[in-house]
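Undergrad: Its first residue numbered 264, the sequence shown is counted upward by one per residue in the working numbering.
Since the hints were made in silico from the structure, they are not lab data.
Beta carbons: idealized from backbone N, C-alpha and C, even for Gly.
Just so you know, not all the hints are guaranteed correct.
[As the list claims (entries may be wrong)] Mimicking DSS-like on lysine-lysine, the simulated pairs with C-alpha atoms at most 25 Å apart in a straight line are:
id, residue 1, residue 2
1, LYS285, LYS273
2, LYS329, LYS388
3, LYS345, LYS329
4, LYS388, LYS331
5, LYS273, LYS297
6, LYS285, LYS297
7, LYS345, LYS297
8, LYS345, LYS331
[Stated by the list, open to error] Listed next, with one range per pair, are the computed distances between beta-carbon atoms:
id, residue 1, residue 2, range
9, ARG288, GLU339, 57 to 65 Å
10, PHE337, ALA411, 27 to 35 Å
11, LYS285, GLU396, 23 to 31 Å
12, ALA415, ASN340, 33 to 41 Å
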Amino acid sequence: FEVNPATVRKAMALLEDEGLVKRFRRRGTFVTAKPSGGASFLIPTRWEEMPAAFDALAAKTIAARKLKRIPAPFHENGPQAKAYSFARRLYRRGGIALALEDSYLDRSVRADIHAHPLRRLARSKSSSIERAEQTLRFGIADRDVASALDIALNAPIAVAHLSVFGRAGVLLFESAAYFRGDMARVSEAIRFPVRRG
């Protein structure tokens with residue numbers, strides 16, 4: 264597969280350390296266990312899943328401040344609200360850092376201050392959600408993300424950019440969530456064209 268043998272040895276050593284394979288001299292390497300399926304985080308792709316997606320994770324706010332505008336909206340398709348609350352949160356499950364999120368929420372949204380911003384937005388009586396856009400990207404961790412998630416520099420990550428728009432296309436919520444590549448997954452049904460005739 265045109266992979267450097269040293270890389271293969273390191274990967275096999277990691278799998279052995281995790282108890283997934285066992286090496287026997289002169290016999291080879293054998294799979295001894297499956298990775299834990301419950302350890303991965305399913306990145307939501309449907310609106311009805313999004314507000315509750317982070318409920319099972321322990322959140323810690325690293326930074327928070329008030330802003331007049333979102334510096335560089337990812338999905339620039341509408342006017343911005345009058346002011347936003349910015350928060351950087353670290354999400355853990357079982358003591359392991361799973362995701363780092365930078366979010367901006369319209370300051371006029373009033374709901375439970377301790378809930379995730381999407382949960383607050385969904386419960387808000389003052390905001391009407393018209394549409395949402397999400398873009399998933401895959402890349403490698405820079406120094407800040409690697410440090411926050413306790414992973415190696417250049418480790419694989421998934422990045423979800425989410426924008427939620429209200430009446431008149433006003434940008435109500437924007438976030439960039441950085442997920443550990445070894446603990447996140449995306450799953451969506453593949454749609455087939457409708458056959459006629």
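Undergrad: Among the hints numbered above, which are violated by the structure, and what are their numbers in rising order?
TA: 7, 10 and 11
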